[in-house]
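**Q** Single-letter residue listing:
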Amino acid sequence: MFKEVGRNVPRVDGYALVRGKPVFTDDIDLKDMLFIKFLRSPHPHAIIKSIDTSQAEKMEGVALVLSYENAPRVPHTTAGQGYPEPSPYDTVMFDRKVRFVGDRVACVAATSPEVAEEATKKLSVEYEVLPPVFDPEWAMRDGAPIIHDEKDSQGILDPQHNLVGEVEVKVGSLEKGFKEADVILERRYEVHYAQHTPIEPHIVITWLDENGRLVIRSATQVPFHTRRICANVLGIPIQRIRVVKPRIGGGFGVKQEVYLDYVAGWITLQTGRPAKIELTREEEFISRTRHPIITLLKAGAKRDGTLTALDMRILSNTGAYGSHATTVMYNTGSKVLPLYRCPNVRFQGRVVYTNLPVAGAYRGYGATQGYFATESMLDELAEEIGMDPVELRKEVHIKEGETSPIFQALGEGREGISQVISSCKLPQCIEEGLKLIGWKKKPKEEGRMSRGYGCAIMMQGSGIPAIDMGAALIKMNEDGSFNLLVGATDLGTGSDTILAQIAAEALKVPTKKIIVYSSDTDLTPFDVGAYASSTTYISGGAVLKTAERVLEEIIRIGGEMLNEAEGELIAKDAQVISKRTGRSVTYEEIAKNSLYERDQHQIIGSMSHISSQSPPPFAAHFVELLVDRGTGKVKVERYVACVDCGTPINPKLAEGQVEGSIINGISYALTEQFIFDKNGRMMNASFQDYKIFSAMDIPELKVVLIPSHEPSGPFGAKSVGEVNINGPCPAIANAIWDAIGIRFRETPFTPERILRALTLGGSSGART
Amino acid sequence: MLIEVTINGILKSFETSPGEILLDLLRREGYKSVKRGCETGECGACSIILDGKLAKSCLLFAPQVSGHEIVTLEGMESFSKLHPIQRAFLDEGAVQCGFCTPGMILAAKTLLEGNPHPMEEEIKEAISGNLCRCTGYIKIIRAIKKAGEILKGNV
Ligand code: FES
Ligand code: FES
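Quick mapping for you: the protein sequence lines, in order, are chains A and B.
Per the numbering used here, the very first residue in the first sequence carries number 1; after that it's consecutive.
Per the numbering used here, the very first residue in the second sequence carries number 1; after that it's consecutive.
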């Protein structure tokens, strides 16, 4: 029934990308550019007693050295979130104190990257080294080193105990729930640090335009938040800043962070010259990371598979600064617990500082961490009550038409909003996945290999309800084509394309008639940016409304030209047609008429969209793997993901989102990890030592989209960007259990860990 | 020092220094399809074809390529007509952010020129030095397979 929606339209930016056109941040050349390099702290926790910049400043080519001595001190959060941000204002451009190995001490702007780098080595800094704290549990105790003792930070709950924030919500009665249970299990699960590793590291270029305004060309997921945060830190009006996001080389959350743009901006404002910051791969690894989270989960169930109580207590480690600290913590409950039918629930969260790299937004945003705990627990419960783990899931998961009290109790950094699930094809996803994987059909042992099957179910949201806003503008050109301007931010996801498809569908034209321009704060309407799986649903909603508004106008003018009442008209194939006479006018004629002939005006419309709901996409994942009992190596043989993302606006692009998240997720589960030395220094900040999957490592992956119709979404669509990264950790842990009978409650499942558990024969993390 | 290199079929001469990294030179001279993802030879974003073989331009000094032949993605299309590999990448959804794409396409080209009918494992092997964080490689592999068939005239 759709013409443009549901079609595999090639990406609107694809033609430029496959030709390698200069469309990324770094692909422009500016005259007189300054290159900025940072001096980073060698200590995890220290006060800068003095800094001597004279040697560096004397070097030929050095334009400016910035440190706490001469940089503006404006406390802010680097989290690119809506205003007011729910993250603490605990960061300044350069501080007197450094809080992790790699924290920035100073920077040098010079005429070449080499000179800048060389000059950072000439800075002589005297530190007073303070005792560090790395263990999040210890960080909360009395007497632990206090990481944020500065006076001017705001929004930290209890700085004395390194506690950024906490939350507790209760639904029903845990006591009653555990009393009703036949089986009660209590377990501790831990997920680890990880980095997004977009292949393009963070990069920003700034300059002054001919009117003296600051232009920030940045690889960012949040151009409008970048503008606002930079204006605040730089002390200039928002009006003086233009943020432009060109094509960007992947983000996955790490580019939802505003912490380089204003440094380059300040250098430009001070020198009048263009300035560039491009992180090295090594720096990128400690730019922002995934929050490691420890979960204590206690669950009660009846023998028939009913959940009677869930008590989830988490401790999240945000590292040295609280970027996204509380919101990720909230999400670990709010995006996870509503999936399960359970009347008695408690969620308690705490998030603390440590002297380790800064965590932030990472695809999945807390849900990934939470699902490892709950989806492992479901398997442990199933084992305990003697039920098939898939059957148990069918029993406990939320169904269409149902609600969960958690939706209301727990939101993102604040209370939530109640909602009823109006689309959920999870039952079909589970059935289809079971069939495709051939659940437990193959023999268990093959020599030293043990085969295992595992599954996991999951959901996410579509935008932050009642907070995330997107806006669109559409104007009609005299050949019947349209400009679509959106603030929405395509970070490689294909959102420009699917937004064009939504506009085309509503305007009744082919997608190729839509010219998309996005993410430029001077030219496009506002949008919160690309995060929280909001673009299709929220920005798409704005595009749909705008297109409908513009279509009304087209029909009205068409009616006047045809001398026909509005009720007698339809729009189809770029024409307005009289139902009565069959006479028609083309869009081209209508546009020309409105621009040149009668009642002259531009056909144009702009609408904004916000939703009170955040309908979850759902997915069921199944994995078949082999554990090599000789080496401890896990080989994922096959992976099946069945996904309900509502109407896939562009199935191929949606599949691509699923495939990318799953391979990232498997890589996280098996090989990616941060190795720290005793000072909290990351020892493996390179692709050589931090192993992300290459093409050689991938399993056979089958993705099936099982469409549903989400009534509140544009043409029935929900989100798809994040949800699927939640599956691999638990699904693989469950399959390893199935294969060798050892339960791993700590990620990643490296050969060393598995081998150790196999040799210890059942202790530490083994069958309990 | 002056070096002479054939880039995309055209003989060029560049002023360079013994320590200049080839990646820097190429980008400075406008070959912006050659991307910087790590500078340590581990991501493949800076891939070029050097004398018919895939090479990482971040691991080479500019003077080393004096007298040699380089192909970058800029050299792959004839005027306004995509190469079948580019077409296949576009049609199969093998491009997400597009940052790894130039390197991937050159890796595919190098493979298909020697072996138009690669097995899946051979494709994986051929792009194993090129990291992609967006696609999970599934659609890239499919695109290369399809391009191979088109180049052989089977489609
Ligand atoms: S930039 Fe050369 S391999 Fe990464
Ligand atoms: S498409 Fe983004 S890295 Fe490959």
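Hints in this document: simulated from the structure, not taken from any laboratory.
Given the structure is predicted, the values throughout are model-derived calculations rather than measurements.
Any given hint could be a false lead.
[Stated by the list, open to error] Here are a few chain B residues that sit away from chain A, every Cβ distance over 10 Å (derived from the structure):
1) Ile7
2) His117
3) Ser128
4) Ile150
[As the list claims (entries may be wrong)] Below, computed lysine-lysine pairings styled on DSS-like, alpha-carbon distance capped at 27 Å:
5) A:Lys652 x B:Lys124
6) A:Lys31 x A:Lys3
7) B:Lys12 x A:Lys21
8) A:Lys652 x B:Lys145
9) B:Lys146 x A:Lys652
10) A:Lys97 x A:Lys122
11) B:Lys81 x A:Lys635
12) B:Lys53 x A:Lys652
13) A:Lys572 x A:Lys635
14) A:Lys702 x B:Lys12
15) B:Lys81 x B:Lys146
16) A:Lys592 x A:Lys513
17) A:Lys545 x A:Lys513
18) B:Lys145 x A:Lys21
19) B:Lys81 x A:Lys633
20) A:Lys691 x B:Lys53
21) A:Lys702 x B:Lys53
22) B:Lys145 x A:Lys513
23) A:Lys633 x B:Lys146
24) A:Lys635 x A:Lys399
25) B:Lys152 x A:Lys440
26) A:Lys592 x A:Lys508
27) B:Lys152 x A:Lys512
28) A:Lys435 x A:Lys122
29) B:Lys146 x A:Lys21
30) B:Lys81 x A:Lys691
31) A:Lys442 x A:Lys652
32) A:Lys512 x B:Lys53
33) B:Lys81 x A:Lys31
34) B:Lys124 x B:Lys12
35) A:Lys572 x A:Lys508
36) A:Lys702 x A:Lys635
37) B:Lys53 x A:Lys635
38) A:Lys652 x B:Lys12
39) A:Lys702 x B:Lys146
40) B:Lys145 x A:Lys302
Built from N, CA and C at the ideal position, the CB exists for glycine as well.
**Q** It remains to establish, for every hint, whether it holds in the given structure.
**A** Consistency of the hints with the structure:
Every Cβ of chain A is farther than 10 Å from the Cβ of Ile7 of chain B; the closest lies at roughly 13 Å, confirming the non-interface assignment. Every beta carbon of chain A lies more than 10 Å from that of His117 of chain B, the smallest distance being close to 18 Å; the non-interface claim holds. Here Ser128 of chain B does not stay apart from chain A, with its beta-carbon only about 5 Å from theirs, under the 10 Å limit. Once the 10 Å rule is applied to beta carbons, Ile150 of chain B is consistent with being away from chain A; the minimum gap is 14 Å.
Of the supplied pair hints, the one linking Lys652 of chain A and Lys124 of chain B holds, its CA atoms being roughly 21 Å apart against a limit of 27 Å. Of the pairs offered as hints, the one joining Lys31 of chain A and Lys3 of chain A is violated, with about 47 Å between alpha carbons and a cut-off of 27 Å exceeded. At roughly 20 Å between alpha-carbon atoms, Lys12 of chain B and Lys21 of chain A fall within 27 Å of each other, so this suggested pair holds. In summary, the hint linking Lys652 of chain A to Lys145 of chain B is supported, as the alpha carbons are separated by about 17 Å, within the 27 Å threshold.
Taking the CA atoms of Lys146 of chain B and Lys652 of chain A, the gap is near 16 Å; set against the 27 Å cutoff, the hint holds. Under the criterion of a C-alpha separation no larger than 27 Å, the hint pairing Lys97 of chain A with Lys122 of chain A is consistent with the structure, at around 20 Å. The straight-line distance between the Cα atoms of Lys81 of chain B and Lys635 of chain A is roughly 42 Å, outside the 27 Å bound, and the hint therefore fails. Proximity of Lys53 of chain B to Lys652 of chain A is assessed by CA-CA distance (about 32 Å); at most 27 Å being required, the pair is judged violated.
Between Lys572 of chain A and Lys635 of chain A the CA atoms are separated by roughly 52 Å; this puts the pair beyond 27 Å, and the hint is violated. Using a Cα cut-off of 27 Å, the hinted pair Lys702 of chain A and Lys12 of chain B is violated, with the two alpha carbons roughly 47 Å apart. Under the criterion of a C-alpha separation no larger than 27 Å, the hint pairing Lys81 of chain B with Lys146 of chain B is consistent with the structure, at around 18 Å. About 16 Å separates the Cα atoms of Lys592 of chain A and Lys513 of chain A, which keeps this hinted pair within 27 Å; it holds.
Distance check on the hinted pair: Lys545 of chain A and Lys513 of chain A sit about 18 Å apart at the alpha-carbon level, within 27 Å; holds. With a C-alpha separation of about 24 Å, the suggested pair Lys145 of chain B and Lys21 of chain A falls inside the 27 Å cut-off, and the hint holds. Of the supplied pair hints, the one linking Lys81 of chain B and Lys633 of chain A is violated, its CA atoms being roughly 46 Å apart against a limit of 27 Å. Of the supplied pair hints, the one linking Lys691 of chain A and Lys53 of chain B holds, its CA atoms being roughly 25 Å apart against a limit of 27 Å.
Between the alpha carbons of Lys702 of chain A and Lys53 of chain B the distance comes to roughly 33 Å, so the proposed pair goes past 27 Å and is violated. Between Lys145 of chain B and Lys513 of chain A the CA atoms are separated by roughly 31 Å; this puts the pair beyond 27 Å, and the hint is violated. Taking the CA atoms of Lys633 of chain A and Lys146 of chain B, the gap is about 33 Å. The hint is violated against a cut of 27 Å. Taking the CA atoms of Lys635 of chain A and Lys399 of chain A, the gap is about 34 Å. The hint is violated against a cut of 27 Å.
With a CA separation close to 41 Å, the supplied pair Lys152 of chain B and Lys440 of chain A exceeds the 27 Å bound. Note on Lys592 of chain A and Lys508 of chain A: the hinted pairing holds, with a Cα-Cα distance of about 18 Å set against a maximum of 27 Å. Between the alpha carbons of Lys152 of chain B and Lys512 of chain A the distance comes to roughly 30 Å, so the proposed pair goes past 27 Å and is violated. Restraint check: the Cα-Cα separation between Lys435 of chain A and Lys122 of chain A comes to about 64 Å, which exceeds 27 Å; the hinted pair is violated.
Of the pairs offered as hints, the one joining Lys146 of chain B and Lys21 of chain A holds, with about 23 Å between alpha carbons and a cut-off of 27 Å not exceeded. A threshold of 27 Å between alpha carbons decides the hint, and for Lys81 of chain B with Lys691 of chain A the separation of about 37 Å lies outside it, so the pair is violated. Under the criterion of a C-alpha separation no larger than 27 Å, the hint pairing Lys442 of chain A with Lys652 of chain A is inconsistent with the structure, at around 31 Å. Among the hinted pairs, Lys512 of chain A with Lys53 of chain B is inconsistent with the structure: their alpha-carbon atoms are about 38 Å apart, more than 27 Å.
Between the alpha carbons of Lys81 of chain B and Lys31 of chain A the distance comes to roughly 33 Å, so the proposed pair goes past 27 Å and is violated. Taken as a hint, the Lys124 of chain B and Lys12 of chain B pair is broken in the structure, with Cα atoms around 34 Å apart against an allowance of 27 Å. The suggested pairing of Lys572 of chain A with Lys508 of chain A holds, with an alpha-carbon distance near 6 Å, which does not exceed 27 Å. About 16 Å separates the Cα atoms of Lys702 of chain A and Lys635 of chain A, which keeps this hinted pair within 27 Å; it holds.
The suggested pairing of Lys53 of chain B with Lys635 of chain A is violated, with an alpha-carbon distance near 31 Å, which exceeds 27 Å. A distance of roughly 41 Å separates the Cα atoms of Lys652 of chain A and Lys12 of chain B; the hinted pair therefore is violated under the 27 Å criterion. Our distance criterion of 27 Å between C-alpha atoms is met by Lys702 of chain A and Lys146 of chain B, whose separation comes to about 18 Å. Only pairs whose Cα atoms come within 27 Å are accepted, and Lys145 of chain B paired with Lys302 of chain A is rejected, the gap being roughly 51 Å.
Going down the numbered hints, you'll see the structure goes against 3, 6, 11, 12, 13, 14, 19, 21, 22, 23, 24, 25, 27, 28, 30, 31, 32, 33, 34, 37, 38 and 40, while the others check out.
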